[in-house]
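Peer 1: Protein chains in written order, with our numbering: chain H, 1 to 527; chain W, 1 to 263.
By construction, these hints were calculated from the structure, which means they are not laboratory data. All of these numbers come straight from a predicted model, not from anything done at the bench. For glycine and all other residues, C-beta sits at the position ideal for the given N, C-alpha and C. Treat the hints with caution; some may be incorrect.
[What the hints assert, rightly or not] Ranges of calculated distance between the beta carbons of each label pair, as one might list FRET restraints:
1) H:Asp417 to W:Ser87: 16 to 24 Å
2) H:Ala373 to W:Gly223: 33 to 41 Å
3) H:Asp432 to W:Val161: 46 to 54 Å
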Amino acid sequence: MSSISVSRQRILSLWLNRLSTDRIVRQGLHDQRKAAASPASSSPAASPLAVAGKHGNVERLVAIDAVAERRGLRLGLALAEARAMHPDLTVFAQDAAADARLLDGIADGCQRYTPLIAADPPDGILLDIGGCAHLFGGEAGLAADLASRLNALGFALRIAIAGTIGAAWATARFGPAMLQASGEERKLAPLPLAALRLDAETVAGLARVGLKRIGDIIDLPRAPLAARFGTALLRQLDRALGREHEPLTPRLPVAPYVAEQRFAEPIAREEDVLAVLERLASRLKSALERKGDGARHLELALFRTDGAVARIAAGTSRPIRNPQDIRALFAERLAGLADPLDPGFGFDLVRLCVLTAEPSPPEQIGFGGNDDAAELDRLVDRLSARLGRRRVTRLVAQDSHIPELASATVSAQVAPDDSDWDAFRAFRDTADLSARPLRLLAKPEPIEALAMVPDGPPLRFRWRRALHEVVAAEGPERIEGAWWSEGGPARDYFRVEDKTGLRFWLFRHGLYRDTKTPLWFLHGTFA
Amino acid sequence: MLVSPPLLVSDAPSEGKNLHPLRQAIRACEASGARGEADVIPLGVPAIDDVLGGGLICGALHEIAAPREPDIAAASGFVLAFAAHASRKAALWIAEDMALIESGAPHGPGLDALGLAPERLVMVAAAKSREVLWAMEEALRCRAVSVVIGELRGDHAVDLVATRRLSLAATSSGALAFLLRSTPPSQASAAATRWIVGPAPSMAPHGPGPPCFAVELKRNRRGPLGAWMLEYRREQHFRLASAHPEPLAQPALDRPHRAARVA
Numbered sequence: 001m002s003s004i005s006v007s008r009q010r011i012l013s014l015w016l017n018r019l020s021t022d023r024i025v026r027q028g029l030h031d032q033r034k035a036a037a038s039p040a041s042s043s044p045a046a047s048p049l050a051v052a053g054k055h056g057n058v059e060r061l062v063a064i065d066a067v068a069e070r071r072g073l074r075l076g077l078a079l080a081e082a083r084a085m086h087p088d089l090t091v092f093a094q095d096a097a098a099d100a101r102l103l104d105g106i107a108d109g110c111q112r113y114t115p116l117i118a119a120d121p122p123d124g125i126l127l128d129i130g131g132c133a134h135l136f137g138g139e140a141g142l143a144a145d146l147a148s149r150l151n152a153l154g155f156a157l158r159i160a161i162a163g164t165i166g167a168a169w170a171t172a173r174f175g176p177a178m179l180q181a182s183g184e185e186r187k188l189a190p191l192p193l194a195a196l197r198l199d200a201e202t203v204a205g206l207a208r209v210g211l212k213r214i215g216d217i218i219d220l221p222r223a224p225l226a227a228r229f230g231t232a233l234l235r236q237l238d239r240a241l242g243r244e245h246e247p248l249t250p251r252l253p254v255a256p257y258v259a260e261q262r263f264a265e266p267i268a269r270e271e272d273v274l275a276v277l278e279r280l281a282s283r284l285k286s287a288l289e290r291k292g293d294g295a296r297h298l299e300l301a302l303f304r305t306d307g308a309v310a311r312i313a314a315g316t317s318r319p320i321r322n323p324q325d326i327r328a329l330f331a332e333r334l335a336g337l338a339d340p341l342d343p344g345f346g347f348d349l350v351r352l353c354v355l356t357a358e359p360s361p362p363e364q365i366g367f368g369g370n371d372d373a374a375e376l377d378r379l380v381d382r383l384s385a386r387l388g389r390r391r392v393t394r395l396v397a398q399d400s401h402i403p404e405l406a407s408a409t410v411s412a413q414v415a416p417d418d419s420d421w422d423a424f425r426a427f428r429d430t431a432d433l434s435a436r437p438l439r440l441l442a443k444p445e446p447i448e449a450l451a452m453v454p455d456g457p458p459l460r461f462r463w464r465r466a467l468h469e470v471v472a473a474e475g476p477e478r479i480e481g482a483w484w485s486e487g488g489p490a491r492d493y494f495r496v497e498d499k500t501g502l503r504f505w506l507f508r509h510g511l512y513r514d515t516k517t518p519l520w521f522l523h524g525t526f527a
Numbered sequence: 001m002l003v004s005p006p007l008l009v010s011d012a013p014s015e016g017k018n019l020h021p022l023r024q025a026i027r028a029c030e031a032s033g034a035r036g037e038a039d040v041i042p043l044g045v046p047a048i049d050d051v052l053g054g055g056l057i058c059g060a061l062h063e064i065a066a067p068r069e070p071d072i073a074a075a076s077g078f079v080l081a082f083a084a085h086a087s088r089k090a091a092l093w094i095a096e097d098m099a100l101i102e103s104g105a106p107h108g109p110g111l112d113a114l115g116l117a118p119e120r121l122v123m124v125a126a127a128k129s130r131e132v133l134w135a136m137e138e139a140l141r142c143r144a145v146s147v148v149i150g151e152l153r154g155d156h157a158v159d160l161v162a163t164r165r166l167s168l169a170a171t172s173s174g175a176l177a178f179l180l181r182s183t184p185p186s187q188a189s190a191a192a193t194r195w196i197v198g199p200a201p202s203m204a205p206h207g208p209g210p211p212c213f214a215v216e217l218k219r220n221r222r223g224p225l226g227a228w229m230l231e232y233r234r235e236q237h238f239r240l241a242s243a244h245p246e247p248l249a250q251p252a253l254d255r256p257h258r259a260a261r262v263a
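Start from the sequences and build out the full structure, keeping to the hints where you can.
Peer 2: If you want it as structure tokens, here you go:
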């Protein structure tokens, strides 16, 4: 049987075999604990470090560092036993969320090699480096670069490259060599069956019948194997050997347009970043123009030399291509960041992605035509980038008679051009609606009101500690809640004017008929 | 570009005589050009329009303050009445978050009733007064905007430099800039006019009628000051509020029945 590779993917499997303990050492928690335990003996002799988590009713070791491993500790050992063996063992509680965050950060940093990256929890990352390894001096060069970057940050790791996810995963964890070029079958044969990503039960069952290595099952008849151990076993085997394709699901959507720039010497100044950005945008422009697209959502990814990645996204209200516009957008975005961009030791890779593109017909370059709309959109984009999308809004009419729902505020970048105000005007004129206030309070404020007759307007009321004497009133206009919502009782709205000429919109929540003491609220003010 | 010097030298004796009227003509052109560019929005009240030199001048900053905090609705109504009569381009209302929470956010149907089509309005909420001023300046640089309203609470952060910047931005774009304040400001400002606008009791005999304003012009770069009571109606713009009677109803005999109108 020859192994037929269905796809031409090349998978790099990265295994951070001591992720939890490396995290604790990197955060300096281990040193703190050691110093607290024995301030006198600051011996550099390393003490073992372990992470324990609860399994059933027993605390067991779930991660150990290299020292602990040398001293004979093993994963899965009960914590009490481990403590008995090594009284100087430092133990930390398992923190799966912190590990996941760290893994996510590392995966972000790996984005510099390829956009096709999948997290492989709890402690692995898969990269599809097919077609991009030559940019880093071949597969060996890429692996060496990745390893040196992560080693410098203090992570232990194992890397394997193979034609399938299964083979790369198996080799990274169980294989002897760091790299593997081809010939999955031959290389995988001596590895234990656990390397096929099987559950522990199946592995134990196979071991009972004397099958311990992948080579043991490659040439066995398939039907009896499937009957006894299920089809999952054969599928995993086929996937590892490349007989069945296993797709890699990238953790971030792959952008349709990407431009990037690498630097031998990192850059740190904001002006430099913006200058690079404009250069990247002009490179994107020609690609966008060729397909007749414009960018609606853009992302700027700044890769720091120490592995951290800053991602800054910006949206636009119409598809744009112009590099100057894109630069202006990100200039506002950078200026408006709550915590300014921290370049650390500088950025050595800047990437500009168009996350969402929309068709945008080529523009007639203006003879001073009516480009007011475009001009306004540009202003809205600038303001939204600096202040936030939800702070720049337009009013959109809604088909509702409930005052607070009649006029919705929608981000100006996405608001429709023909908001339904004409429909509202037609409705107002036919229904003979009474006046609506100029300014509406977000939430009606309770007032103390005194009404003369049960269904009449208030005689005087107190709002925000000031007493207002009503001299003129108009109403009531009764507004009922929608029957399908629990809007509570009907509201009787009055437009009242006080002695000084202030005009308010008040309502009585509920009728005297139904409740003993209906509450009064102030909902808005008129000019 | 240089004109060849010999020619100038030969004309030297008559230079003063020829150039003087030329200079005057240029100056006249410039002056009239400047005046022509600066549109005005008349209030429709001759007494006030004369004082302002034709009406509220576009391409300038106007400061409008409410006498007390609760009167801000009247002051905003006065500002929006001008916005409604400015050209049909977009209007921006930039306000501090606190102002929108305390005094209420603009309500579309209410704006429409005042004459400002809600489609024209872009609302901007800013966390700080500094951001309000920044956004106003940005908006004033945009050609597609005809009115920029900046609403500030309290009496802070707007010094002479800030108002000067806003005035210059407004002059260069020709847009109408308003600084709407909840209390009368105490600092000096570079605004073209400064108004104190509060509500006035309405003149209608039955119920609250159209909006009425007690308007005081506190500062005017072009002329004298004054105080008036105004009534605003959407179609007629402003008029002096006096004890005028409501138009009387037609005699009952020809008046179409309401039910018939609906049918």
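Peer 1: All hints are to be evaluated individually against the structure, with a verdict given for each.
Peer 2: Okay, the hints, checked on the actual structure:
1. H:Asp417 to W:Ser87: 16 to 24 Å: Since the Cβ atoms of Asp417 (chain H) and Ser87 (chain W) sit about 19 Å apart, the hinted range of 16 to 24 Å holds.
2. H:Ala373 to W:Gly223: 33 to 41 Å: holds (38 Å)
3. H:Asp432 to W:Val161: 46 to 54 Å: With a Cβ separation near 51 Å, Asp432 (chain H) and Val161 (chain W) satisfy 46 to 54 Å, so the hint holds.
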